[in-house]
Amino acid sequence: GAVVSQHPSWVICKSGTSVKIECRSLDFQATTMFWYRQFPKQSLMLMATSNEGSKATYEQGVEKDKFLINHASLTLSTLTVTSAHPEDSSFYICSAAEDNYGYTFGSGTRLTVV
Amino acid sequence: QKEVEQDPGPLSVPEGAIVSLNCTYSNSAFQYFMWYRQYSRKGPELLMYTYSSGNKEDGRFTAQVDKSSKYISLFIRDSQPSDSATYLCAMRGSGGYQKVTFGTGTKLQVIP
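In the order they appear, the protein sequences are chains A and B.
Here my numbering is used: the first residue of the first sequence is 531, the next is one more, and so on.
Here my numbering is used: the first residue of the second sequence is 8, the next is one more, and so on.
No lab work stands behind these hints, which were simulated from the structure alone.
Any given hint could turn out to be false.
Calculated from the model, a selection of chain B residues having no Cβ within reach of chain A, i.e. all distances over 12 Å [stated by the list, open to error]:
#: 1; residue: Ser-60
#: 2; residue: Asn-62
#: 3; residue: Glu-64
#: 4; residue: Gln-116
Below, simulated EDC-like cross-link-like pairs (lysine to aspartate or glutamate); rule was C-alpha separation at most 16 Å, straight line [claimed, not checked]:
#: 5; chain 1: B; residue 1: Lys-77; chain 2: B; residue 2: Glu-10
#: 6; chain 1: A; residue 1: Lys-571; chain 2: B; residue 2: Glu-22
#: 7; chain 1: B; residue 1: Lys-114; chain 2: B; residue 2: Asp-90
#: 8; chain 1: A; residue 1: Lys-594; chain 2: A; residue 2: Asp-618
#: 9; chain 1: B; residue 1: Lys-106; chain 2: A; residue 2: Asp-595
#: 10; chain 1: A; residue 1: Lys-550; chain 2: A; residue 2: Asp-618
#: 11; chain 1: B; residue 1: Lys-106; chain 2: A; residue 2: Glu-628
#: 12; chain 1: A; residue 1: Lys-550; chain 2: A; residue 2: Asp-595
#: 13; chain 1: B; residue 1: Lys-49; chain 2: B; residue 2: Asp-90
Examples of chain A residues lying across from chain B (beta carbon under 8 Å, computed) [said to hold, decoys possible]:
#: 14; residue: Ser-573
#: 15; residue: Leu-576
#: 16; residue: Gly-638
Quick reminder that beta carbons are idealized off the backbone N, C-alpha and C, glycines included.
From just these sequences and the hints, can you work out the full model?
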């Protein structure tokens, strides 16, 4: 089946620094990828839809200048958390669609900002 | 009112029991319905994928969709301790790569 690789699986960074998270579709091309955020004991909250070759579409309330998304190729999307602060600490998960039906998730990245 | 409602549990059952997980929704545009299993600190894993109303069976798992009632279910037969996880229902509309809306997830514990 489709495999989505997400890296790193966990990261600790200092407040004020930036962190980049990569999401790769390993055996298929993904025109569209999705980035989610999940707080403890809560469901996934969609942050943005990443489209290859064009700007990402952000959900209401998500700061596009803080969460930079780049989808430069059909197999790679990146999320950069800029000037991270402790409140940005969360579990970030990407998802990619192999076709119009199946959505496969990455293993997630646990970000801790200290 | 949330678009998708799901009882967060926790739900605790003995090994071998039949588990019933449910979600209700309000958006009649939803056409594709999914169930994901998520272990702690991991990404969700797709279990079942259903289009429109009807039943779908895969091994010990059965998914049911009743669009007239806006109600979906996941049944797990002969539950195992390894089934202990959080189960998320999810759904989306048709056409293109539409975003998926998730329920809050139900935490299931199967006791040996």
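Hints and how they fare:
Against chain A, the non-interface label of Ser-60 of chain B holds: every CB pair exceeds 12 Å, the least being about 17 Å. The claim that Asn-62 of chain B is not at the interface with chain A holds, since no C-beta of that chain comes within 12 Å of its own (minimum 18 Å). Even its closest Cβ contact with chain A, about 18 Å, leaves Glu-64 of chain B beyond 12 Å, as expected for a residue assigned away from the interface. Non-interface call for Gln-116 of chain B relative to chain A: holds, since the shortest CB-CB distance, roughly 14 Å, exceeds 12 Å.
For the given pair, Lys-77 of chain B sits about 11 Å from Glu-10 of chain B by alpha-carbon distance, which is consistent with the 16 Å threshold. Pair hint Lys-571 of chain A plus Glu-22 of chain B does not hold up; C-alpha atoms about 24 Å apart against a cutoff of 16 Å. Distance hint between Lys-114 of chain B and Asp-90 of chain B is fulfilled; the C-alpha atoms sit about 10 Å from each other, no more than 16 Å. The hinted pair formed by Lys-594 of chain A and Asp-618 of chain A meets the criterion: a straight-line CA distance of about 14 Å does not exceed 16 Å.
For a cut-off of 16 Å, the pair hint linking Lys-106 of chain B to Asp-595 of chain A is broken: about 21 Å separates their Cα positions. This hinted pair checks out: Lys-550 of chain A and Asp-618 of chain A have alpha carbons roughly 13 Å apart, not beyond 16 Å. Proposed proximity of Lys-106 of chain B and Glu-628 of chain A is supported: the alpha carbons are some 14 Å apart, at most 16 Å. Distance hint between Lys-550 of chain A and Asp-595 of chain A is fulfilled; the C-alpha atoms sit about 14 Å from each other, no more than 16 Å.
Distance hint between Lys-49 of chain B and Asp-90 of chain B is fulfilled; the C-alpha atoms sit about 14 Å from each other, no more than 16 Å. A least Cβ separation of about 4 Å between Ser-573 of chain A and chain B falls short of the 8 Å threshold, and the interface hint therefore holds. Because the closest C-beta pair between Leu-576 of chain A and chain B is about 5 Å apart, less than 8 Å, the hint holds. Satisfaction of the interface hint for Gly-638 of chain A is found here, the shortest Cβ-Cβ separation to chain B being roughly 4 Å, below the 8 Å cut-off.
Checked against the numbered hints given earlier, this structure breaks hints 6 and 9; the rest are met.
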